[in-house]
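**Q** So the sequence shown is numbered by my numbering: it starts at 30 and just counts up by one.
Derived by calculation from the structure, the hints in this document are not laboratory data. Hints may be right or wrong, so weigh each one.
Straight-line Cα separation of at most 20 Å, SDA-like style, residue types lysine to any residue; simulated pairs [to be verified]: (1) K149 x H288; (2) K117 x G82; (3) K346 x L361; (4) K266 x E233; (5) K195 x K117; (6) K266 x S300; (7) K266 x E130; (8) K117 x W310; (9) K225 x G207; (10) K117 x G248; (11) K255 x E233; (12) K117 x H136; (13) K195 x L167; (14) K240 x G128.
Ranges between beta-carbon positions, derived for each pair [to be verified]: (15) E72 x E340: 37 to 43 Å; (16) Q78 x L210: 19 to 25 Å; (17) D291 x P50: 32 to 38 Å; (18) K240 x L156: 28 to 34 Å; (19) R277 x E222: 41 to 47 Å; (20) S102 x E222: 43 to 49 Å; (21) S105 x T140: 19 to 25 Å.
Built from N, CA and C at the ideal position, the CB exists for glycine as well.
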Amino acid sequence: MSTLSPRTCALFLPFRHPGEPPLENGVIPYLGCALRFGANPLEFLRHLQRRHGRIFTCRIAGQYIHFLCDPFSFHSVARQGRHLDWKKFHLSTSAKAFGHESMDPNHGHTTENLQQTFRKTLQGEALPSLIKTMMENLQSAMLPSGTLKASSLHWQQDGILAFCYKVIFEASYLTLFGQELSAHENESPLEQEARKATVLNALENYKEFDKIFPALVAGLPIHIFKSGHSARENLAKSFLRQNLSRRRNISDLISLRMHLNDTLTNFDDLSKARTHVALLWASQANTLPATFWSLFYLIRSPEAIKAAAEEVTEMLKSSGQKTSPRWPHLTLSREQLDSMRVLGRYIAPDLFNSDTYYDVCHT
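Between the sequences and the hints, there should be enough to build the whole structure, so can you do that?
**A** See below:
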């Protein structure tokens, strides 16, 4: 059996052409930088950014991926959509990471138009009710068990990151997938805790899977990550149709996707459930860190907190509401939220910067 020396292997590696970004081929044929990227993506990207600057290309699992580590350049690249096949890359990455059949209609498994589904359920007339439900779930997530009976002597302490993850994940999860049919307004504290425990278990599964997501994008098989694979499958099992049918107030997005999965695809039940895992991940992957950084920078500035608090108080006052234990549910319309300039000024930049620390464009 003949062997190839590193020098011989190098003959088969492509070289950087004039005008192209710096190229990292890695030392392992085909895999390239996949193992290093999968082990610690952030440190890997920081290392290459220090070496090459903010734009570079890596060979990862047989593919060449451009990394753009400048958030202020993202929209300039995104505007070139007609020259970049975002859809093809996104669909193939989703199938690879989440384990469902291809969502590309060209592959014959579905005829669903995903963009049309998203526009119908997340934009326009669908948005106000979505905002209302999200606000209700946010307040429910932040109120302790026993709600109005809680006093100032029962404060719970937690880290900012853990607090943001718990509150935002619970609110988003319930907004998308609704509540169990057994949930009701007059729940006992024990029933509330049991319901929250179910959502927190989903959060732990989400975090475990999220750890390995970069490695999956890099092309590594999920089966080598035992805990991450188990976490993804646990989430998928909870989203099987028989389990979702035992929930109420499911969002229009999930309800429509359940219907389209049944009528426009040839997916099996587990593959259908995995498409819901993809939607859950997409709703949290940027939102959770963005919320943390927004709150982190806000609380570091007393002037910012004061200005934001005054703006919120004034907005509630103008709508006949106030923050009080006797007024547990606050409601603000989309127009009112959009008019809050102070909060928008502090939150929007962090949402922009964290939306994509690095974007991947497939060649």
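**Q** Evaluate each hint against the coordinates.
**A** Here is how each hint holds up against the structure:
no., hint, in the structure
1, K149 x H288, "14 Å, holds"
2, K117 x G82, "27 Å, violated"
3, K346 x L361, "11 Å, holds"
4, K266 x E233, "15 Å, holds"
5, K195 x K117, "33 Å, violated"
6, K266 x S300, "10 Å, holds"
7, K266 x E130, "16 Å, holds"
8, K117 x W310, "19 Å, holds"
9, K225 x G207, "13 Å, holds"
10, K117 x G248, "16 Å, holds"
11, K255 x E233, "15 Å, holds"
12, K117 x H136, "11 Å, holds"
13, K195 x L167, "10 Å, holds"
14, K240 x G128, "16 Å, holds"
15, E72 x E340: 37 to 43 Å, "39 Å, holds"
16, Q78 x L210: 19 to 25 Å, "50 Å, violated"
17, D291 x P50: 32 to 38 Å, "44 Å, violated"
18, K240 x L156: 28 to 34 Å, "32 Å, holds"
19, R277 x E222: 41 to 47 Å, "20 Å, violated"
20, S102 x E222: 43 to 49 Å, "46 Å, holds"
21, S105 x T140: 19 to 25 Å, "34 Å, violated"
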